[in-house]
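**Student:** Chains as they are written, first to last, in this note's numbering: chain A, 1 to 403; chain B, 1 to 379.
By construction, these hints were calculated from the structure, which means they are not laboratory data.
Just so it is clear, the structure is predicted and the values come from calculations on it, not from any experiment.
Heads up, a few of these hints could be off.
[To be verified] With a cut-off of at most 25 Å between alpha-carbon atoms, the simulated DSS-like pairs for lysine-lysine come out as follows:
#1 B:K29 - A:K312
#2 B:K332 - B:K272
#3 B:K332 - B:K85
#4 B:K288 - B:K272
#5 A:K128 - A:K312
#6 A:K128 - B:K29
[What the hints assert, rightly or not] A few chain A residues that don't get close to chain B, going by computed Cβ distances all over 10 Å:
#7 Q36
#8 L82
#9 S384
For every residue, glycine included, the Cβ atom is placed at its ideal position computed from N, Cα and C.
Here is what each chain is made of, one letter per residue.
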Amino acid sequence: MSDATIDPRLTSGRAAPKRALRLSWSDPRFRAIVWQVVILGGVAAVAWYFINNTSQNLASRHIATGFGFLDRTAGIPIGESLISYNPAEDTYGRALLIGVLNTLKVSVVGVVLATILGTLIGVGRLSKNWLMARLTAFYVETLRDLPLLLQLLFWYTILQDLPAPRDAMSIGGAVYLSNRGLKLPTLDWEFAHTAALLALIAGAAGTWLWNRHARLRQEATGERPAVWPVALGLLAGLPLLVWAVLGAPSHWDVPALHGFNFQGGTNISPEYFALLLGLVTYTAGYIAEIVRSGIQAVPWGQWEAASALGLKRGAILRRIVLPQALRVIIPPMTSQYLNLTKNSSLAVAIGYQDLVSIANTTLNQTGQAIEGIAVIMAVYLTISLSISLFMNWYNAHIALVER
Amino acid sequence: MSTSTSVAPSLPIPSRDAPPGAGAVAWLKENLFATWLSTAVTLALGYVIVRVAVALVEWAVLGAVWSVPYSPAGIAQTTVCQNAKGSGACWAVIADKYRLILFGRYPYDEQWRPALAVLIFIGLYAVSAMRRFWREELILIWIGALTVVGVLMWGGVLGLAPVTDDFWGGLPITLILATFGLAFAFPLAILVALGRRSTQLPAVRMLCVMFVELIRGVPLISVLFMASVMFPLFMPAGVNIDKLLRAQIAVILFAAAYLAEVVRGGLQALPKGQTEAADALGLSYWQKTAFVILPQALRLVIPPLVNTFIGFFKDTTLVLIVGLFDLLTMGKVALSDPPWQSFSTEVYVMLGVIYIAFCYAMSRYSRGLERELGVSQRR
Chain A
1 MSDATIDPRL TSGRAAPKRA LRLSWSDPRF RAIVWQVVIL GGVAAVAWYF
51 INNTSQNLAS RHIATGFGFL DRTAGIPIGE SLISYNPAED TYGRALLIGV
101 LNTLKVSVVG VVLATILGTL IGVGRLSKNW LMARLTAFYV ETLRDLPLLL
151 QLLFWYTILQ DLPAPRDAMS IGGAVYLSNR GLKLPTLDWE FAHTAALLAL
201 IAGAAGTWLW NRHARLRQEA TGERPAVWPV ALGLLAGLPL LVWAVLGAPS
251 HWDVPALHGF NFQGGTNISP EYFALLLGLV TYTAGYIAEI VRSGIQAVPW
301 GQWEAASALG LKRGAILRRI VLPQALRVII PPMTSQYLNL TKNSSLAVAI
351 GYQDLVSIAN TTLNQTGQAI EGIAVIMAVY LTISLSISLF MNWYNAHIAL
401 VER
Chain B
1 MSTSTSVAPS LPIPSRDAPP GAGAVAWLKE NLFATWLSTA VTLALGYVIV
51 RVAVALVEWA VLGAVWSVPY SPAGIAQTTV CQNAKGSGAC WAVIADKYRL
101 ILFGRYPYDE QWRPALAVLI FIGLYAVSAM RRFWREELIL IWIGALTVVG
151 VLMWGGVLGL APVTDDFWGG LPITLILATF GLAFAFPLAI LVALGRRSTQ
201 LPAVRMLCVM FVELIRGVPL ISVLFMASVM FPLFMPAGVN IDKLLRAQIA
251 VILFAAAYLA EVVRGGLQAL PKGQTEAADA LGLSYWQKTA FVILPQALRL
301 VIPPLVNTFI GFFKDTTLVL IVGLFDLLTM GKVALSDPPW QSFSTEVYVM
351 LGVIYIAFCY AMSRYSRGLE RELGVSQRR
């Protein structure tokens with residue numbers, strides 16, 4: 001009886017009343033839909049216009065479309081490559097793969113070195129020694145204010161101005177620096193080395209187990225068994241023993257001058273060296289600032305509390321401050337790693353054959369600009385996404401676990 | 001603040017590091033020779049610094065060659081420099097080439113125009129840096145200054161001889177790419193940032209996210225390549241956009257994606273109460289955004305904005321790769337002249353000094369501003 005008198009709006013509980021969509025400009029939902037249709041329609045129209053023009057242009061210039069060119073013989077001479085490559089036979093696909101590998105080669109090494117150098121400089125800026133703090137501040141300020149491309153060209157010119165192989169600078173008669181690059185001796189790899197490497201891995205596992213045992217023992221009895229003698233034995237002694245038992249082979253392939261160039265050993269090309277040097281010194285300036293601000297973000301009371309416990313300065317930094325600073329450091333560090341990877345594309349200016357350089361040659365040879373640029377963008381997006389995912393995982397891993 | 005000092009003006013302010021009146025020796029002891037490790041570091045660094053400084057002075061000043069004779073045909077005789085190579089700098093290359101490096105191939109007699117344009121740019125930065133100009137009028141100042149720069153560079157009106165942009169080069173190109181890039185990217189960035197934050201328009205939000213992430217995920221070079229080889233394909237047959245404009249569009253798109261993230265940071269930092277208060281007053285979306293949200297959000301992001309601008313300023317050097325004649329490219333062009341080919345260090349040093357002068361001034365300003373704004377927020 002009374003049911004009929006209850007306002008229907010009250011029966012729907014706490015949820016907002018769902019009104020029917022009115023086809024009127026005063027309905028916000030209607031407005032939102034109209035705006036979205038208009039904007040998406042505009043973007044689609046511009047895209048269609050571009051695509052239409054492009055297909056007409058491609059047809060009139062007789063440029064092929066699609067990725068069929070990847071299977072054709074490239075004929076691009078490539079100076080350095082991690083995998084075998086023969087310009088007379090191998091395809092554009094393989095050439096581009098070499099480009100990707102070269103990009104990764106310089107990025108991975110660059111990220112590791114820049115992190116080490118940047119951390120050292122960042123800690124140096126906080127040094128109590130005035131000279132050290134000033135000098136590192138000067139480094140950061142100068143390197144960050146110079147365009148990376150200028151630095152790369154500068155380093156590359158310096159490396160090219162080095163003496164010819166005949167008058168190469170030598171370090172201990174094994175390492176040579178000349179305008180052909182840096183020559184390093186290599187070890188002739190034999191079974192004994194593989195075995196020693198495996199022994200080292202086993203030793204590391206053993207050390208970890210012993211450390212765990214020591215910690216448990218300390219927690220149980222308060223007495224901590226010495227770790228370092230066992231660690232030394234397992235990490236240094238065991239691999240050396242394995243290596244010695246297997247005949248202790250150690251033949252180094254030392255570079256030597258034959259005619260106009262060096263033979264033997266391995267070569268770091270001037271292009272790679274200049275690119276790596278430029279990327280590392282430039283990015284280290286930014287990483288130093290991130291590390292410094294991260295450490296400074298840790299409250300001063302943490303330092304004081306730790307020193308009240310009797311910890312030394314080094315131990316405070318390692319055990320108390322850095323683990324807390326890392327939480328501040330990781331997110332901006334991720335974008336620096338991404339920047340380094342993207343900046344490695346400047347290689348094209350000094351002739352290191354990274355992905356952009358090889359893709360650029362490819363699109364000049366085939367005329368297939370759209371496909372070439374699509375390859376570059378796809379690869380960089382994949383790399384960026386992978387680094388972001390990894391760093392996000394790591395960030396979640398070290399994040400403060402709160403109740 | 002002034003009252004506390006007036007109470008006891010004769011009291012010396014106690015120093016944190018040293019007891020009062022200890023002077024220079026105590027400072028040295030505290031900051032350079034505190035422990036044996038610190039002493040060792042000081043001595044080692046001091047030795048290196050002195051050695052480097054001495055070598056630098058010998059190279060740049062004492063052994064330097066400041067001018068070279070010219071042959072009757074006007075070709076530089078660089079034998080003096082060749083002989084001094086390794087022991088002294090050859091600043092004669094700068095004396096010979098600075099006009100080319102700074103202003104490119106702009107007609108020699110008209111080079112006061114790019115020079116004036118550079119001064120206008122610097123004046124524009126100085127005005128924008130002053131807080132008393134942080135109002136709507138600043139937009140008019142920017143429009144006016146950029147118009148004057150355009151008129152000066154192109155000419156063709158007011159009795160100025162027309163100069164097409166094929167002849168532009170050097171510092172004006174660098175400043176044009178960076179400044180016009182910022183001026184056009186900024187409004188776009190605000191729209192993208194607002195779109196990315198909108199809850200009502202999911203399709204627009206997706207579009208903005210895609211734009212920002214796509215551009216930020218790839219290197220600037222690939223965007224520049226896209227502009228230089230793909231734009232011509234996008235246009236109908238016969239329409240040709242010139243190289244400078246193509247690179248400028250690439251820089252604008254690239255800058256917009258990065259600035260959008262900076263602006264979004266400012267929008268997120270604003271308390272929600274501001275939006276709700278504006279809604280309660282019955283303001284429309286655009287009224288709310290223009291009069292309540294943006295004035296506060298943009299003020300918050302000025303320091304990161306300056307830092308982003310420093311980044312673009314340096315990134316304009318990348319147009320070297322697509323064949324535009326910016327400052328760095330002009331340096332390389334100057335070095336392609338046979339007599340001067342082996343004196344690249346001197347030219348790079350000059351270019352480095354110019355870039356550092358601009359970037360250092362901006363980063364100093366940004367840091368000072370951060371401190372100032374931080375102070376007002378802590379209170």
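**Student:** Does each hint fit the structure? Answer for all of them.
**Tutor:** Status of the hints after comparison with the structure:
1. B:K29 - A:K312: Holds, at roughly 21 Å.
2. B:K332 - B:K272: Distance of about 52 Å is beyond 25 Å: violated.
3. B:K332 - B:K85: It holds: about 19 Å lies between the C-alpha atoms, which stays within 25 Å.
4. B:K288 - B:K272: holds, 13 Å
5. A:K128 - A:K312: holds, 15 Å
6. A:K128 - B:K29: OK: K128 (chain A) and K29 (chain B) at ~11 Å, within 25 Å.
7. Q36: violated, 4 Å
8. L82: Holds, because the least Cβ-Cβ distance between L82 (chain A) and chain B comes to about 21 Å, which exceeds 10 Å.
9. S384: violated, 4 Å
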